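Asks: These protein sequence lines map, in sequence, to chains A and B.
Numbers 1 to 112, taken from this note's numbering, label the letters of the first sequence in order.
Numbers 1 to 113, taken from this note's numbering, label the letters of the second sequence in order.
Honestly, the hints are just simulated from the structure, not real lab data.
All values derive from a computational prediction rather than experimental measurement.
Backbone N, C-alpha and C fix where the C-beta goes; we use that ideal spot for every residue, glycine too.
There may be inaccurate statements among the hints.
[As the list claims (entries may be wrong)] Covered stretches of chain B, going by a simulated chain A footprint (3 or more residues, C-beta under 8 Å):
#1 39 to 45
#2 93 to 99
#3 103 to 111
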Amino acid sequence: DAVMTQSPLSLPVTLGQPASISCRSSQSLVRSDGNTYVSWFQQRPGQSPRRLIYKVSNRDSGVPDRFSGSGSGTDFTLKISRVEAEDVGVYYCMQGSQRPLTFGGGTKVEIK
Amino acid sequence: VQLVESGGGLVKPGGSLRLSCAASGFPFSTYTMNWVRQAPGKGLEWVSSISSNSVAIYYADSVKGRFTFSRDNAQNTLYLQMNSLRAEDTAVYYCTSAYGGYWGQGTLVTVSS
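Just chain A, with the same shape it has in the complex (with noise of 0.2 Å):
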């Protein structure tokens, strides 16, 4: 199974600042059709988990342009360019090249 490692897991930010998480995969992620299927989700307390990236870069309908996704290979990356309020969450890679789909362990952004 491809293990996804996330850091930090955890991340005091202030208002207004940028913001970095880390997603390492034990294996490569390019699948056989060419594509790398990693996704970032964001999931707010009490709330389901949101996709925010998929396919490592593209931002789904309705997530502010402040998010970004970037990576190839193991190595990904969500950038949040200014954090703001409503981005405090736990946020979650995911890989979906390999069966079983698995999950980063989450990091933790909150507001300094």
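With the hints as your guide, set chain B onto chain A.
Replies: Below, chain B without anything else, positioned relative to chain A:
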């Protein structure tokens, strides 16, 4: 788009539950679908996937042989039959689309004596 799970509740160890997920607002019959669970205070764990035509079904090792995933494309509904439940199956169960674009609100399953 809506995914609405139901069927959760309190069950004793060794018991059974059947979860349902009603889908609307997207071409359900063309989508691979998943169940993903989240134990209290913990992260997300994939449970099972089913292809659009039910030909391919996959399970996490932790539930293989105990859970059965099925779908009814005429009714736009997913089902998760959960047997031989254990305390470690306690979680909120979400139905999701293939790569997580759509999620339901979740249904809580509690396994306790």
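Asks: So, for every hint listed, does it hold in this structure?
Replies: Structure-based check of all given hints:
{"no.": "1", "hint": "39 to 45", "in the structure": "holds (count 3)"}
{"no.": "2", "hint": "93 to 99", "in the structure": "holds (count 3)"}
{"no.": "3", "hint": "103 to 111", "in the structure": "holds (count 4)"}
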